[in-house]
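Chains as they are written, first to last, in my numbering: chain A, 338 to 413; chain B, 3 to 233.
Any given hint might turn out to be false.
Below are the DSSO-like pairs computed for lysine-lysine, each with C-alpha atoms no more than 27 Å apart in a straight line [claimed, not checked]:
{"hint": "1", "chain 1": "B", "residue 1": "Lys151", "chain 2": "B", "residue 2": "Lys210"}
{"hint": "2", "chain 1": "B", "residue 1": "Lys232", "chain 2": "B", "residue 2": "Lys151"}
{"hint": "3", "chain 1": "A", "residue 1": "Lys376", "chain 2": "A", "residue 2": "Lys365"}
{"hint": "4", "chain 1": "A", "residue 1": "Lys340", "chain 2": "A", "residue 2": "Lys376"}
{"hint": "5", "chain 1": "A", "residue 1": "Lys349", "chain 2": "B", "residue 2": "Lys210"}
{"hint": "6", "chain 1": "A", "residue 1": "Lys365", "chain 2": "A", "residue 2": "Lys340"}
{"hint": "7", "chain 1": "B", "residue 1": "Lys194", "chain 2": "B", "residue 2": "Lys210"}
{"hint": "8", "chain 1": "A", "residue 1": "Lys365", "chain 2": "B", "residue 2": "Lys180"}
{"hint": "9", "chain 1": "B", "residue 1": "Lys144", "chain 2": "A", "residue 2": "Lys376"}
Computed, partial: chain B to chain A, Cβ under 7 Å [claimed, not checked]:
{"hint": "10", "residue": "Cys14"}
{"hint": "11", "residue": "Gly17"}
{"hint": "12", "residue": "Val176"}
It is worth saying that the hints were derived from the structure and are not from the lab. Note that CB positions come from ideal geometry on N, CA and C, so glycine has one too.
Here is what each chain is made of, one letter per residue.
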Amino acid sequence: MAKVRGTLVIDKERCKGCGVCLGACPFKVIELNREVNGKGYNYLYAAHPDLCTGCAGCALVCPDSCITVYRERTEQ
Amino acid sequence: MLDVLMHFCPGCSHGTIHKLIAEVIDEMGMESNAIGITPVGCAVLAYNYIDIDWVQAAHGRACAVATAVKRLNPEKMVFTYQGDGDLAAIGAGETIHAANRGDNIVVIYVNNAVYGMTGGQMAPTTLLGMKTATTPQGRDAKLHGFPFKAGELISQLDGVCYFTRQSVHTPAAVRRAKKALRRAFDNSMEGKGLSFVEFVATCSSGWKLSPVEANRWMDENMMPFYPLSKE
Ligand SMILES: Cc1ncc(C[n+]2csc(CCOP(=O)(O)OP(=O)(O)O)c2C)c(N)n1
Ligand code: SF4
Ligand code: SF4
Ligand code: SF4
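So here's chain A without its partners, still in its complex pose (with noise of 0.2 Å):
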């Protein structure tokens, strides 16, 4: 059955920690690092990478167009 996979691009350095990304995605796939980035924000990485299905909210509300995302189909 083809599946859908997404694919995140983070520009740690644009982030700015706001958080607001985190409720937008179904399957919290996404998280505010621990370590912070060049400005001392907590950045976000993907913590669960393989869940992302590439749905594009989280860089639909984060208003400092931090991630970009690719969506990928696979046969599995």
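Fit chain B with the ligands to the supplied structure of chain A, relying on the hints for placement.
Relative to chain A, chain B with the ligands alone:
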């Protein structure tokens, strides 16, 4: 959208709304044909982020400037971008009369219920009971009057062809908001009159909440008073 960092506080709705405006202008192929009017308020620097022509208006005067720009350049797509302090307080007169004249512009109104840039003071839109820098006990109708529904007021004027109230705090809301912006910009180019697109927005710094708490607070407190449009 220029590849630069925006100055907005983490999680601020202004960033997401800027992104949507840039996407719609890009999809319409209007980058060289759009003129925006920036306000006084946190969005004053929009000209550093969206790569179109801009005019920066004095506090509250964006609709008056937009009227002149559109009348002198009817082929251009002209819009204002204003906060609630700018539009609903000092600029209430200019806004109402542009709407009443039906000038063919789009008014983008970002209502975060406070004066964000100056530190979260009470605005006309502040909810009753809401604590701000200038209403530490909460807004009291007897002392401060009632919260001002600029959108409802303006939507009744004959020059207004479209009023919608949107938000950008969920993916579904962002998708709806983008459609609304597109419709408003199309209206202005078709000469239908003034389109008024309100955004119920957060100001986490002014509200003294985290960005995630601010979104929740907005859902629970702002939405019942400023209900979103269905489309
Ligand atoms: C004539 C004038 N009066 C007052 C000010 C101070 N001032 C700067 S921004 C602002 C209000 C901004 O609030 P709002 O329009 O709600 O925008 P926000 O910053 O919340 O996006 C005020 C009163 C000014 N710059 N010019
Ligand atoms: S694209 Fe969708 S599933 Fe993937 S992280 Fe973003 S919100 Fe979650
Ligand atoms: S919404 Fe954007 S800026 Fe905020 S935490 Fe997520 S990726 Fe970072
Ligand atoms: S003060 Fe409020 S409106 Fe201004 S950038 Fe910060 S959060 Fe946004």
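Hint check results:
no. : hint                   : result
1   : Lys151/B with Lys210/B : holds (23 Å)
2   : Lys232/B with Lys151/B : holds (18 Å)
3   : Lys376/A with Lys365/A : holds (25 Å)
4   : Lys340/A with Lys376/A : violated (38 Å)
5   : Lys349/A with Lys210/B : holds (25 Å)
6   : Lys365/A with Lys340/A : holds (19 Å)
7   : Lys194/B with Lys210/B : violated (41 Å)
8   : Lys365/A with Lys180/B : holds (25 Å)
9   : Lys144/B with Lys376/A : violated (45 Å)
10  : Cys14                  : holds (6 Å)
11  : Gly17                  : holds (3 Å)
12  : Val176                 : holds (4 Å)
This entry does not satisfy hints 4, 7, 9, going by the numbered hints stated previously.
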